[in-house]
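> So the sequence lines, in the order shown, correspond to chains A and B.
Anchor point for the first sequence: position 79 equals 79 in this note's numbering, and the numbering is continuous, going up by one each time.
In this note's numbering, each residue carries its 1-based index in the second sequence increased by 309.
One or more of the hints may lead you astray.
Sample of chain B residues with no beta-carbon within 10 Å of chain A, all distances over it, derived [to be verified]:
(1) Asp445
(2) Gly553
(3) Arg598
(4) Asp726
(5) Gln751
Ranges between beta-carbon positions, derived for each pair [claimed, not checked]:
(6) Gln660/B to Pro115/A: 49 to 55 Å
(7) Arg598/B to Gly131/A: 52 to 58 Å
(8) Ser11/A to Pro639/B: 54 to 60 Å
(9) Asp420/B to Pro60/A: 21 to 27 Å
FYI, nobody ran anything at the bench for these hints, they're computed from the structure.
C-beta atoms are modelled at their ideal positions from N, C-alpha and C, and glycine is treated no differently.
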Amino acid sequence: MLSFIISRLLSAVFVIFGVSCLVFFLIHLVPGDPVEVMLGESSQPADREALRAALGLDQPILVQLVNYFNGLLHFDLGESLHSKRPIVDMLMERIPATATLAAAGLVVAVVIAFPLGIMAAMKKDTAWDSGAMFFSLFGISIPNFWMGPLLILFFSLWLGWLPVSGQSGIASLVLPALTLGTALAAILARMIRATLLEVMGEDYIRTARAKGLSERAIIMNHGLKNAMLPVITLLGLQLGALLGGAMITEIVFSWPGIGQLTIDAINRRDYPVVQACILLISLTYVVVNTLTDLVYAWMDPRIRLGNAQ
Amino acid sequence: MLLLLPLFLLMASCAVPDNGALRFGLSKMPVTLDPRFSTDATSSRINRLLYQRLVDFDAASMPAPSLATWQKLTPLHYRFTLDSGRALFSTGERLTSEDVKATYAFILDADNASPHRLTLARSIERIETRGDDVIDFILKEADLLFPGRLGIGILPKTLIESQHPFNRSPLGSGAYQLVAWPDDTQLRLKRRSDDLLLEFIEVTDPNVRVLKLMRGEIDMMQNDLPPELIRYLSNEPGIMISHGAGANFAYLGFNMEDEFTGVLQVREAISLALDRDSIIQYVLGNSARPANALLPPDHWAGVPALHQIAYDPAAAKALMSKLGYSVEKPLHLTYKTSSDPFRLRLATVIQQQLAEVGIKVELKSYDWGTFYGDIKAGRFQMYSLMWVGIKLPDIFRYVFHSTAVPPEGANRGRFIDAETDRLIETAEAANTIEKQAVLYQQLQHHLLQQLPFVPLWYEDHVFIARDHVAGYTIARDGNYDGLLDVQRND
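Sequences are here, hints too, so could you generate the full structure?
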């Protein structure tokens with residue numbers, strides 16, 4: 001297991017390094033001059049050159065890359081071109097909001113998806129199954145930018161139960177979490193149903209039934225446990241996406257998270273902030289997927305053994 | 310959903326207590342509250358509430374005293390005297406001429422990379438203080454418009470020297486002071502005269518902003534709403550909508566180096582083919598007035614008697630026919646615009662109107678950065694944009710002079726015209742404002758003949774509030790100075 005962990009961590013480091021290089025070069029390929037963004041359209045060439053030199057942008061690209069990595073190693077991501085604030089501070093302000101929303105979205109997804117998926121599998125080819133799968137199809141099909149305003153209209157405006165948007169207390173978390181969680185729940189429910197149906201046809205389930213175990217005990221102790229592997233992979237991928245900032249949901253609900261910061265920075269051509277946000281999102285994916293791999297290997301020894309061979 | 314119903318009820322009981330603040334919905338939060346660096350509209354508007362400036366503008370956009378009155382001692386020497394009854398900084402310190410000097414000296418220092426440096430550095434030779442209340446600006450060259458360039462908020466010298474982070478912790482002598490800026494979606498200010506709390510709340514999505522207003526989560530907002538949402542709100546009880554004439558100038562720009570849009574008859578045909586009145590009535594919901602020039606007619610250098618651009622599709626067809634084009638055999642042009650849905654909708658209407666006179670337009674919409682980059686680089690045939698917050702007529706040099714082709718200026722259409730250059734230079738050299746106004750008026754007549762752009766309209770400002778908001782007046786340039794007098798009538 002130790003060698004598996006080490007190999008996964010090493011590959012994660014390489015991926016992060018690769019992503020950092022890619023982000024750096026891609027940002028430099030994007031049309032637009034950050035110096036002009038800072039000084040405005042009417043700036044003089046001499047002023048632009050002076051600022052370019054002050055920012056180190058007149059250096060060869062490889063020197064800039066080395067400086068960039070030097071900054072990264074010292075947790076120095078630079079400062080925003082527009083607000084002049086340290087980017088680390090901006091990210092640290094946003095991460096809690098994004099993490100809270102991701103966690104709440106995940107809870108909503110799990111609370112909806114597990115009962116729905118299990119029910120659909122247990123009552124296969126009945127109205128319950130069809131109803132659950134209809135909900136699932138609905139959840140997958142409806143985009144967040146539509147689902148969000150619909151929920152606002154219903155729960156905030158008509159019923160008056162919840163605030164429309166913002167981050168003003170726990171009540172304001174419900175609608176964005178529901179918007180995010182519903183789509184994820186739909187995918188999860190289908191996955192749980194499919195894997196559970198597959199597992200329930202296995203010999204060891206038949207054996208458990210022959211031993212006289214209750215259907216509930218069979219599902220909980222044998223079926224669900226063995227159906228969890230692909231579900232965990234999916235959850236890991238989705239959690240990475242949620243932590244990376246659910247951009248549309250954050251914008252609809254004015255949720256001050258990483259997704260909204262990224263979009264704002266792109267619109268303002270605030271390249272260092274865009275660069276830092278993309279790096280953070282990539283880092284989140286890598287960390288979450290590495291953890292998922294480790295959990296996967298812990299749950300299924302064949303994976304780590306196969307990897308070792 | 311049903312499983313989560315009890316959760317909703319629990320959450321609903323956790324309503325946020327109302328702190329009595331008036332809440333103002335914004336589509337974008339300010340980027341920086343340091344007036345030395347702010348360039349975006351929201352930052353500039355909020356900075357006006359936090360800082361005082363030497364000079365402001367009157368209704369005709371003529372420079373007017375704000376924190377100081379001035380005398381032109383010689384064409385190269387302006388003396389400003391600070392108002393004796395001026396407000397203190399929110400620290401309690403008195404604003405002096407040293408603070409004014411320190412603010413402008415910081416901007417003029419090239420190492421500080423202030424975006425406002427260029428305009429000021431062209432004019433200012435040096436700044437001298439004479440006691441606490443008097444400050445002299447010595448100029449490099451005569452500049453009749455100089456007082457109008459001193460609209461930047463004044464900061465305390467001691468804090469400039471200690472490198473205080475004004476961008477997040479603004480500290481001025483304006484009517485409001487900062488209470489908190491907890492995150493990038495909320496900004497709380499307090500009015501110094503009566504402790505009224507004001508909260509700016511960012512709500513990017515216009516639909517959600519409207520829903521928040523309807524539910525009472527925000528009390529007011531200004532602009533940045535599509536006309537259909539304004540129409541929708543006009544039928545809602547408890548919502549007030551006010552319109553104010555604006556000076557933001559929308560236009561169709563052309564690439565003068567292009568083999569088609571560089572031809573005057575093509576541009577004339579386009580201007581004749583556009584039914585601006587119908588667009589204003591049906592698409593803009595009557596929230597605009599037709600424009601014939603960059604400066605509105607009520608500007609001191611504007612031209613009230615400028616001839617109106619006619620809507621005459623028959624004449625447009627005739628012009629296109631002379632050039633060998635018709636509806637059956639149309640001229641093909643590309644029209645670039647931003648990806649903003651409303652701008653795209655306007656572009657679609659223009660596309661349809663031009664198709665009817667034999668100009669087949671292909672629309673290309675891009676995200677703002679790419680679109681703006683293409684326009685500056687001259688990669689376009691035709692585009693639409695808007696000039697916002699124009700006060701001084703030196704905009705004409707910046708936009709139309711042959712030396713102002715990007716990156717030197719904003720002559721994006723590469724319009725090179727000797728008569729235009731001559732009129733701009735003569736106006737700049739005039740020794741009185743009156744003579745300057747006449748020359749700029751001649752220039753606007755000339756531009757309307759040459760059509761380097763087709764003027765479209767000046768968009769109105771729309772203020773929408775719940776009915777307990779009183780005392781707000783809409784400013785011509787869309788600033789938020791109405792908040793100086795706003796009241797809550799509960």
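> Against this structure, judge whether each hint is valid.
Hint-by-hint comparison with the structure:
no. : hint                             : verdict
1   : Asp445                           : holds, 26 Å
2   : Gly553                           : holds, 26 Å
3   : Arg598                           : holds, 27 Å
4   : Asp726                           : holds, 21 Å
5   : Gln751                           : holds, 25 Å
6   : Gln660/B to Pro115/A: 49 to 55 Å : holds, 52 Å
7   : Arg598/B to Gly131/A: 52 to 58 Å : holds, 56 Å
8   : Ser11/A to Pro639/B: 54 to 60 Å  : holds, 58 Å
9   : Asp420/B to Pro60/A: 21 to 27 Å  : holds, 24 Å
Taken one by one, the earlier hints all hold for this structure without exception.
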